[in-house]
Amino acid sequence: MNAPTADQVSEALTNTQTSLSLIWTLCAAFLVMFMQAGFALLESGLTRAKNVAHTMGMNFLVYPIGALGYWAVGFALQMGGSSAPASLGADPRPVSEISVTVLEKSWGIFGAHGFFLDQPTPAVATLFIFQMVFMSAAITIPTGAMTERWRFKAFAAFSLLMSMFVYPVYANWVWGGGWLSALGKQLGLGHGHLDFAGSSVVHMTGGLTALIGAKVLGPRHGKFTPAGEPVGIPGHSVVLTVLGTFVLAFGWFGFNAGSTLSAMDTRFSVVALNTLLASAAGAVTATFYVWHRFERPDVTWMCNGMLAGLVAITGPCAFVSTHAALLIGAVAGVLVVLAALFIEGTLKIDDPVGASAVHLASGTWGIVALGLFANGSFGDGANGVPGAVRGALYGDVGQLWASLIGIVANLVYVGSCSALCLWLVDRLFNNRVSLHAELRGLDLPEMGIEGYSPEYRAPARRRAPPELE
Amino acid sequence: MNAPTADQVSEALTNTQTSLSLIWTLCAAFLVMFMQAGFALLESGLTRAKNVAHTMGMNFLVYPIGALGYWAVGFALQMGGSSAPASLGADPRPVSEISVTVLEKSWGIFGAHGFFLDQPTPAVATLFIFQMVFMSAAITIPTGAMTERWRFKAFAAFSLLMSMFVYPVYANWVWGGGWLSALGKQLGLGHGHLDFAGSSVVHMTGGLTALIGAKVLGPRHGKFTPAGEPVGIPGHSVVLTVLGTFVLAFGWFGFNAGSTLSAMDTRFSVVALNTLLASAAGAVTATFYVWHRFERPDVTWMCNGMLAGLVAITGPCAFVSTHAALLIGAVAGVLVVLAALFIEGTLKIDDPVGASAVHLASGTWGIVALGLFANGSFGDGANGVPGAVRGALYGDVGQLWASLIGIVANLVYVGSCSALCLWLVDRLFNNRVSLHAELRGLDLPEMGIEGYSPEYRAPARRRAPPELE
Amino acid sequence: MNAPTADQVSEALTNTQTSLSLIWTLCAAFLVMFMQAGFALLESGLTRAKNVAHTMGMNFLVYPIGALGYWAVGFALQMGGSSAPASLGADPRPVSEISVTVLEKSWGIFGAHGFFLDQPTPAVATLFIFQMVFMSAAITIPTGAMTERWRFKAFAAFSLLMSMFVYPVYANWVWGGGWLSALGKQLGLGHGHLDFAGSSVVHMTGGLTALIGAKVLGPRHGKFTPAGEPVGIPGHSVVLTVLGTFVLAFGWFGFNAGSTLSAMDTRFSVVALNTLLASAAGAVTATFYVWHRFERPDVTWMCNGMLAGLVAITGPCAFVSTHAALLIGAVAGVLVVLAALFIEGTLKIDDPVGASAVHLASGTWGIVALGLFANGSFGDGANGVPGAVRGALYGDVGQLWASLIGIVANLVYVGSCSALCLWLVDRLFNNRVSLHAELRGLDLPEMGIEGYSPEYRAPARRRAPPELE
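Chains as they are written, first to last, in my numbering: chain A, 10 to 478; chain B, 10 to 478; chain C, 10 to 478.
Do not take every clue at face value.
Since copy identity is lost for identical chains, a pair holds within one copy or between any two.
[To be verified] List of simulated lysine-lysine pairs, DSBU-like, C-alpha gap at most 35 angstroms:
#, residue 1, residue 2
1, K162, K224
2, K162, K232
3, K232, K357
4, K224, K357
5, K232, K194
6, K357, K162
7, K194, K162
8, K194, K224
Simulated from the structure, these hints should not be mistaken for laboratory data.
Can you build the whole structure from these sequences, using the hints too?
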C-alpha cells in the first residue's frame, strides 16, 4: 500500500466525522425515545389506580401510532422542504433533493415530499428518527391532561391526526425552513424565531393541545364541588411519578444536547450543563415555594418543578449563559405552580397531571427567555442571519419580537388545528367515556384489563386455600 | 514539534476510528444489558403478585450466572475460532490468534480457545461484552415461559448450562465462523445463513427453549379446565409490563444498530429506522387485530405486538427496505397473536408471558423474511461471498434455502440440547416446585421473601397503632 | 478549494478527537445521572410502603440540591486547583487558568477558583457535569441508611453541606491534584493514592457518612428487641429493589468506563469488562453464601452482592487483570454480607438498606485490592509518576501504603466533617422525626402526601359505587 495522501486522509476524516455525528444524533434520539417511558410513568403515578391500564395504554400506543402517522405524512410536511444537516454527512439523496416546498422556501408553510419514506440515506434515516421521537414527545403530552376520562378510540384517532398534521406544520415553520425561521432574513427580526430543542415546537404544542383537550373533555366527576371549588384527587403512586421524572430528565440530555445534530459542534457540552442547572433550579424553587406556601414539600411539585425548568431551558439552552439558565429554571419552578393554580382555580380546567402548566406555561416562558437572555455567544449564521444571537437584554429587540411572533403563531395554529381535530374525533368516536366507566375506572370498560389485578391489591394470604396456611 | 506527515495523521485517524467503533459497540452493549431490566419487568408484570420475587429473582440472577458461565466456557465455544472484527481495532492478540477451531474453519462446529478469558485486548474485551449480553438476553427468555412453577435451583443450574453450551454452539455456527455461515461459500446458498442481530441466534434459541421448558414443566395449576379449556390468569401489573416493553424497545436500538460492530458502517442508521418502524407496525397490527377479534385493545397484546415486530426485524434489519421492514413488523404483530393462541389452545402448553410466541414464532418469521426480502442494498462480501445480499424475491432463492437450513439447525440443535439439559437438571434438582408452593406463591417457599410485603398490600391505616389515628 | 495540507487535516483530527472525548464523557455522565433513579428505586424497595414518598423525595431532591451546592462551591473546592483533562480539548479557559490552589499545588488541600461557574468552555462544562453526578451519587448514599426516620428539612440541609464541603475536599485530594494524589511524587509511595472511578472518593465517602448518620439517628422503633436482638423489617417491594439494582449496574458502566475522560484511551473496554465480571462475581458469591448460610436465595442479597462487586471494582477497575477483577468481586459479595451482619448485630446500628455495608466495606476493600492487585498493565505516568501501576503483589508495596493512607484520610476527614455537619443540622432542624410520625409513616407528616394512595392499596371493588357492580 502506498502512503496515503493528505487528500485521502482528509476524506477519511470527513467520513469519520459523519459517523460520529450520526452516532451522536442516534444516541440522543434513543434517549428521547426512552422519554416515552418517563411520560407513561409520570402520568400513571399522578392518576388513580383504577385508570392505570388506560393511562399506560395511551402512553404506549401513542408511540407506534405516531411513528406510522409521521412516517406516512408528518415527516414530509415537516422536513420535506429542507435538507438533512450537512453534519449528518454528504448525502447522495438528501431530503432536499427528493423534495421541494410548495411555496417559496423562504416563506414555506409545509414541505411536500418524503411521504411514506423508503430507503433513506443514513443521514435522512437519522434525521427521521430524531424528529420522530420529538414529535412523539409532543403528542404524548395531551394524554396526561385528558386522562381518566378520554375514550381510547378517540385518543388513538386524535394522536394519529396530531402526528400527521398538527405537529409537523408548526415544526416546519421553525425547523423545516418555514416562515417563522425566515423572520430574520426576511424582516430583520433577529435570527427569526429560534427554538433550539423545542420549547415551542414540542412543549407549547403539546401543552396547548393538553389545555384545550382538558377543557373540551370537561373535568373529571368530583373534581369541582358544586360551588366550583377544586378538589384534590391524589395520584396513586409517588414511586412512578418520581421514576418517570428521572427518566424524563435522563432523556432530556439527549433532547437538548443532541439537538446540535452535529458531533463537531461542541456547544452540546454547554447545552447539557445549562439543561442540568436549569432543571435543578426549577426543582428547588418549586419545592421551596410550595413548602413555604402549602407547608409541605410535596414530591409531586418537586417533579413538576424540575420538568418546568427542563421545558423552559429547552428553547434557549444553547444561547444563554450559565447564570441565565439558572434564572430561567428558577422562574419556571415558581411559574409552573402559579400556572397550575390558575388553570385549576380560575379557568376551572381539570388537568390531572398538570401537563398544560408544565409544558405550555414553561414552554412559553422559555421562548420569551430566549428573546431576552440570548447573549451573543452562539448561533452565528443561524437561520441564515450572520452574527451571533442576541436577545433584547443584549441589544437585539427584534429577536424578542421574533420569539413573540413564534408564540402567537403556535397559539393560533396549534390551538385551532388541535381544536378542529378534537371536534372531528368527537364526531366520529365521542371523546368522553360514560360516567359509569369513569366512576368504575377506565381499565376494564376501555381496555378490557385491570391495570393491577385484584389479587395484587388484596393481601395474598386471604386467597390462599385455607388448608395450606 | 515538526509538522505531522500524512502517514502520521493517517495512523492517528485509524486510532480514532478504532476508539469510535469501540465506543459505539460498548454503548450498544450497555443498552442491551439494560434489556435485562426490561425482561424482568415485562415478565413480572405478566405474572401474579405471589410469584414476583421469584420471577424478578430469576431475571436478575440469570445475568451474573450467565456472565460467569459464558466467561468460563461459552465465549470460547462461540468465538474461539474467529477473530475480533477489524473495525474494533488492530489487535495485538485477537481471539483468532489465541485460538483455532477444532475442525476445518469453513465447517466449524465450535471454537476451542479463549476459555476463562484473561486480560483481553480492548477489541476482544468489547466483543466479549457485546456477545455476552446477547447471550444473556437469550437465556432470560425461558424464565418467562417457565415462571410461577420452576424451582429456583433448577433454574440456576439450567441457565448456567445454557450460557455455557446451548447458546454458544449455535451462535458459533452463525456468528463465530461456523458451518451455517459457510453455506454460501461452500454450497453456494446465497451468503449462507445470515442473521444480522439475532432473530435466530438469540430469539429462536430463547423462544424454543421457552416452549420446551413450558411443555416439560406442564401447565400451572388451574390453567386448563378438566375439559382442557385454557383459563385466563391475568398478570398483576400493566405498569410493569408496559415499562418493561419500553425498556426492551429502548435497548433494542443497541441490539440491532450496534450489531454493525463498526462505527464506520453507517448502515446502523438504516438499521435503527427499520427497527423503529417494524416495532411500530407490530404494535399497531397486534392492537387492532386483538381489538377487532376480542373487542378490547388489551395493553398486554400491544406490548407483545411491539416485541414481535422487534424480534422479527432483528435478523433482516440491515438487509431490507423500509417498506419491507414495515411489512415484516406488521405480519409479526398478527402472527404473534395466532401463535400464542395455537400454543395455548392447540398445543395446550402454558406459557404465562407468551415468550415462545414472541420469540420463537416471530424469530422464525424474521429469518424467513430475510430470505425473502433482502433487496441487494447491503451485505457485500458478507460471510465471504461477494455481492450484496438478495432474498428469493430479489432473485436469489439460495438465500432463502440458507435461511431455512438455519431455522432447521436451530430447531434440531437447540431443541435437543435444551431438552437434554432440562432433563439433566430435573434429575439433579427437580424442575417443578410442589403444588403447595405453587398455590401459595413461590416467593416465600423458594426465595424466602415476599415480593411485596403484606404491609404494602393492605391499607396502612389498619396497622398503625390505634392511639395514633 | 485547495487540497488540504497534512497540518490542516491534523488539526481537524484533533478537533474530532476532542468531540469524541466530550461525547464519550457526556454519555457516561448521563448514565451516572440515571443512577439517581437506581438509588431511589433500590432504597424505596427496601423500606416500608408508609415511608415511600419520603424515601423517593430524598433521593429525588438530593440531585437538584446537590447540583446547586456543587455549582456554587463544591466544584471550585474540588477542581479549582487543576486543569481540565487534555483529552477534553484544547481549552481557551481551562479550570487551571481561572484558578490556583491556595496551597502549594503538590500538597493541595482544596481549590479556590471556579465558584458559581459561569460560561465555561465545553471541556470545563463536561468536566463539571461528570464530577457533579459522581458527587450526587455519593451524597445519595446516606439517605438509604438514614431513611424511615430522618427529618426532611434536616436531610435537605445536610445534603447541601455535603455537596459543598464534605465531598469536594476529599475529592480534591484524590482527583483535583491534592495531597493524596501527590504521595507518589512527593514520598515515593507508588503513584500516590489512586482511585480510578471512586471506591474511596464516592463510595467510602457515601458509605461512611451513611454509617455515621445511621448511628447518630439511632435505630428505627422496633428494630432491636429490648435484649438488643435485631428484628427483620422487610422492605415493601422486591420489584423496586431489583429494578434499582439493574439501573445502577447499567449506569455503572458510565461510572467506571467513562472515567478514562478520554475516548482515545481504549482502556475503557477493559474497564467495562472488569466491571461486568466483578459485578457478576459479587452477585453470585453473595447469593450462594446467603443461600448456604440462611437456606434461602434472598433476592435482596443478590442485589447487594452485585452492588458490592461494583463498588469494590470501581477503584481498581483499570489497573487489574480480568481474573483479579473476578476475585475482587467475589470477595466483595461475601464481605458485604459479613459487614452487614456486623453492623447490625455487633455495632447495633440500624441501616435499613445496607448502604454502609455495600459502600463503605466494599469501597475500602476495593482500595486495598488496588494496592494489592494492580498488575503493571496500565497507568504509566499516573499522578506524575513514571511507570505503570503495580500493587504489593506485583512488587510495589508503596502503592499499598498509598492506598492505606487514602483510606485513613477518608475515615478521618469524611468521618469528622460529616459528623460535624450532622451535628450542625441537628442543632438547626432536629435530625429525627417524632415517634408519632415514624410509627404512622413519614409520608404524610413530612411530605404531606401518601406515597401510595389508599385507593391503590385497598381492593378497587370495595370503593366502587355499589349500584355499578
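Hints, verified against the model:
{"no.": "1", "hint": "K162 - K224", "verdict": "within (19 angstroms within a copy, 38 angstroms between copies)"}
{"no.": "2", "hint": "K162 - K232", "verdict": "both (24 angstroms within a copy, 32 angstroms between copies)"}
{"no.": "3", "hint": "K232 - K357", "verdict": "within (10 angstroms within a copy, 48 angstroms between copies)"}
{"no.": "4", "hint": "K224 - K357", "verdict": "within (8 angstroms within a copy, 50 angstroms between copies)"}
{"no.": "5", "hint": "K232 - K194", "verdict": "neither (49 angstroms within a copy, 69 angstroms between copies)"}
{"no.": "6", "hint": "K357 - K162", "verdict": "both (26 angstroms within a copy, 34 angstroms between copies)"}
{"no.": "7", "hint": "K194 - K162", "verdict": "neither (44 angstroms within a copy, 52 angstroms between copies)"}
{"no.": "8", "hint": "K194 - K224", "verdict": "neither (38 angstroms within a copy, 66 angstroms between copies)"}
The structure is inconsistent with the numbered hints 5, 7, 8, although it conforms to all the rest.
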